[in-house]
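Make the full structure from the sequences, and use the hints.
Residue numbers (our numbering), protein chains in the order written: chain H, 3 to 208; chain X, 6 to 599.
Derived by calculation from the structure, the hints in this document are not laboratory data.
These numbers come from a predicted model, not from an experiment.
From the three backbone atoms N, C-alpha and C, an ideal C-beta is built for every residue, glycine too.
Mixed in with the good hints there might be a few duds.
Said to hold, decoys possible - In silico DSS-like cross-links for lysine-lysine, where the CA-CA straight-line distance does not exceed 27 Å:
1. 27(X) / 157(H)
2. 186(H) / 16(X)
3. 157(H) / 36(X)
4. 94(H) / 373(X)
5. 186(H) / 34(X)
As the list claims (entries may be wrong) - Output of the computed footprint for chain H on chain X, the stretches with three or more beta carbons under 8 Å from beta carbons of chain H:
6. 124-134
7. 159-168
8. 216-222
9. 243-257
10. 353-367
11. 375-387
12. 442-452
Claimed, not checked - Estimated spans, in silico, between C-beta atoms of each pair:
13. 27(H) / 369(X): 32 to 40 Å
14. 411(X) / 37(H): 56 to 64 Å
15. 203(H) / 261(X): 23 to 31 Å
16. 122(X) / 153(H): 30 to 38 Å
17. 97(H) / 485(X): 32 to 40 Å
18. 102(H) / 14(X): 38 to 46 Å
19. 120(H) / 411(X): 54 to 62 Å
20. 578(X) / 102(H): 35 to 43 Å
21. 120(H) / 373(X): 38 to 46 Å
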Amino acid sequence: MSKTPPAKPVEQDARIGVYVCHCGLNIAQSVDCTKIAQDIAEVDGVIISKDIVYACSEPGQQAIKQDIIDNGLDRLVIASCSPRLHEPTFKKMAEAAGVNPYMVDMANLREQCSWVHMNDRDNATAKAETLVNMAIARVRQLEPLYEDTLPLTQKTLVIGGGIAGIQAALDLADSGYDVTLVEKNASIGGIMAQIDKTFPTMDCSI
Amino acid sequence: MTDAGRHPRIKLLTLSEVVDVKGYVGNFKVKIIKKARYVDETSCTACGDCAKVCPVVRPDEFNMGLGSRKAIYSPFPQAVPSSYLINAKECLGHNPAVCSKCVEVCAKGCINFHMSDEEIVEEVGTIIVATGLQPYDPTEMDEYGYTRFDNVLTSLEFERLVNASGPTKGSLIRPSDRNHPKSVGFIQCVGSRSATKGGHYCSNICCMNTIKSSFIIKEHYPDVEVKVFYIDIRAFGKGFEDLYTRSRRMGTQYIRGLPGSVEETENGSLRVAVENAATGTLEFHELDMLVLAQGMKPAPSTQRLQEIMGLQLTSDGFYLEAHPKLQPVDAATRGIFFAGCAEGPKDIKEAVTQASAAAMRAIRLMHKGEINTEPITSTIIVEKCKACGKCAEVCPYNAISVDVKAKKPAVVNSAACAGCGTCSAECRFDAISMNHFTDAQLMGQVDTMLAVEPESKILAFACNWCSYAGADYAGVSRLQYPANVHLIRVMCSGRVDEKFIWEGFRQGAPVILVSGCHIGDCHYIDANHWTEKRVERIHKKMEKIGLRPERLQLEWISAAEGIRFAETMRRMERLRQSVTAEEIAETQNILTKL
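Laid out in structure tokens, this is it:
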């Protein structure tokens, strides 16, 4: 068996992995995820480009992690839902596979594409591809960052002494945390204290 | 209540209001004003001797004005802290020479007219906002005659009337003549589900509260006729439907239709005109007493606290959670949580559940005793810094210090920096790099977006907290808008550098949108003021060099304004269509020459 030396990875070049998530049919019904993944595979620096049914699922994350390890990926584009939802998920996933969590970017193909251009598959697909390319441009420029830790005061301020404020204060205090409970009236109790019987069990409120 | 009052770990501050919140997650500094009680709450035993001699009689708020109290009083028998207080505005003895009868009889000497408001500063790691609700005031619904007719009550007034500890000790009587009513009517959705008066939302609890009230009446006075006028009965919770069925079985009549008018008869009863939607006929009902099932409004302090803490509100005026399903008790600001009706109308069970959840979220954040901070902060590029001091001027957190006189480069305190990026956008010398949102990272997105057919695209910058979230909300609501809109996310609109705009136009963008939180709602205190100033500045320059200023739009879109986002995008598309290929070419020509 002849041994051919593997192509040398160029250290300074970005090694990007791109994952286009179907989110079941949430994205895939308005966006041609497979086509995008194929097109993106040709982009310079993209080592892997795949479409994936649920990127956030356990098998989805496992597959991405394995790709990172097998291919030495150093940055990722996850084209799926809003980063406001799953950015923490994918940051943790990257970290677990040895990639700095700040080397990940998300293209928002669900909230800001498939769900808002539902009957416009061609244009939604074109837009999605542009969004993925924009994210690739961004990840090329990303730099690893490191979180810092700060001291924290283990104490809670509860504003409002109605039933919710009282319950929150008691749960915290019983768990060993100091609480300051601020109430604008002269007594705690709020509106609940004014009520006699409560539904559905008709028991007393105080 | 008493558990909370005597818990060694709970410091209870009543008659107190939060007036300022500074700092960030883990390290908030809260200023509280505690108003003078004029009675030492630690030594008062609530014996009540003082109130007996007090000559000032006032309506009792706890009993909704159906009873009376003195100027020195305990809010209600089970009050916590169990201490009297003086309403200084009502008290004659504030000048002790005038009265001071209470001082004379107080054996323990608890009363002190010289007490003054106290300012307290608390340092805390997390904050739970549980500011509750305000019952809707139905006075404006003139057709129901509340305040005009004595025997028209709100549900909370009715509650006090049938309460064993209330002004009548639970005896159901009419306010006008103290007779027992033979018939009681309930009108549902008062201030709820209305496009014109109160809120357009369902207040959640009024149906069940009325069903409960019907029970209380029927249990004590089986002969009293009870009629409920409703749109639909929403008995959606565990055990609710059962209670509703039992209420019907006990004889409460449910009449589908909200009354159009209420008139008072000679004997103080009420004549209610209603179109019964089940039969399609106009009916008149004469009732001895009428109860208005008032809806819930956000507490009056909601907006003030929202401004102090930089929180977001829904269009209904309740606090907006970070995510409606996955983070239902978190505020978008880390370290702040919601509990109870502050977040939206809910019943006691739900409020308690949410409060426990909020406590758990707070513990989850605090238990390690330290917190991780995001490294999304600004960095000074020392070689380029000219020590002009602009960055220190614009930083909302005073996180940058510059010694302008000594020409020493700026220094960032990264613990105080919240990462808005306004300094980086305002620096004329490109001497500040905003980590994770660098010029190169953002321009990479602009360049890529405009690389192919730029004339067909809309370039939009959106801040993470409001506008980008508003775009997500449009998505969740499936609001459709043109597919040529491409959003670039920044943490704050204050990050949108002038050069991004010029470069966008130079590369052929027909229109550009900068969007952020409404003025006053900025997640970074007031960084969006600089966005506004910057856009004004660019507009002036555009005019000067011969570009139509309206091609750059500035729009404030909150996280709850999905509709506004979609509408703005449609407007941007109309604007884009007004930009011709020649205009774009000319713009590119002008900007390349500059």
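Numbers of the earlier hints that this structure fails to satisfy, in rising order: none
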